[in-house]
Amino acid sequence: DAGVIQSPRHEVTEMGQEVTLRCKPISGHDYLFWYRQTMMRGLELLIYFNNNVPIDDSGMPEDRFSAKMPNASFSTLKIQPSEPRDSAVYFCASSSIPMGEQYFGPGTRLTVT
Amino acid sequence: DQQVKQNSPSLSVQEGRISILNCDYTNSMFDYFLWYKKYPAEGPTFLISISSIKDKNEDGRFTVFLNKSAKHLSLHIVPSQPGDSAVYFCAATSEGNTPLVFGKGTRLSVIA
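Protein chains in written order, with my numbering: chain A, 1 to 113; chain B, 1 to 112.
If you are wondering where the hints come from, they were derived from the structure by calculation, not from laboratory data. Note that this is a predicted model, so its numbers are computed, not measured. Misleading hints may appear alongside valid ones.
The calculated label-pair distances, taken between Cβ atoms and stated as ranges, are [stated by the list, open to error]:
| no. | chain 1 | residue 1 | chain 2 | residue 2 | range |
| --- | --- | --- | --- | --- | --- |
| 1 | A | S58 | B | S28 | 19 to 25 Å |
| 2 | B | Q3 | A | K78 | 25 to 31 Å |
| 3 | A | K68 | B | S74 | 37 to 43 Å |
| 4 | B | A112 | A | G16 | 46 to 52 Å |
| 5 | B | I53 | A | R9 | 38 to 44 Å |
The C-beta atom is built at its ideal place from N, Cα and C for all residues, glycine as well.
Let's have the full structure, built from the sequences with the hints guiding it.
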């Protein structure tokens, strides 16, 4: 298995632009998670899905953030409009069991100037 | 309000010696704990876990100890190797009920 795939690996954009991050989970995994890692806050959960349905989005910082999972093999995290404080590494993870071991993708490093 | 705390941002250990990484938690409902290891430019990878019904779990050079009364767990690496240099995250959950809550991580440097 290729593991969790994320694209792009790096994204540099200007403030106000729309950013879309993509994730392909491991086949057969029913749970998908989006995390954000910053120096100040560490690794924080933004949203997670079970069987393509959003279960908990309480970690999404603002309405500028949205996430979708149109099918079992694809998810997106969108930021519109982006701001410099959104600069961080965004990870996608998937798992086959509810709240145990998760498999992380390599992350997308987002820089908003 | 941090429910999982890793109070040491960094740790430096000589090769061959023991590395001890600590983690404290505040939520008494947590009953399953995990350690993840992260290399630069990669995602975290699962290392070892422990259920609250145990106080120790061992996997090769890695051992996790859980002290429920103190709400404290630690990861021991013996002997430490240069390849162990990474950021280690502690995570906790109320099994089957809540998402993982991660600490901020401890950067381990193993010096040859």
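Okay, the hints, checked on the actual structure:
1. A/S58 x B/S28: 19 to 25 Å: 21 Å Cβ-Cβ, so the 19 to 25 Å window holds.
2. B/Q3 x A/K78: 25 to 31 Å: Holds, since B/Q3 and A/K78 (Cβ atoms, about 28 Å apart) stay within the stated range.
3. A/K68 x B/S74: 37 to 43 Å: Taking Cβ atoms as reference, A/K68 and B/S74 lie about 40 Å apart, which means the hint holds.
4. B/A112 x A/G16: 46 to 52 Å: 47 Å, holds
5. B/I53 x A/R9: 38 to 44 Å: About 40 Å separates the Cβ atoms of B/I53 and A/R9, which means 38 to 44 Å holds.
Every hint from the earlier list agrees with this structure, and none is contradicted.
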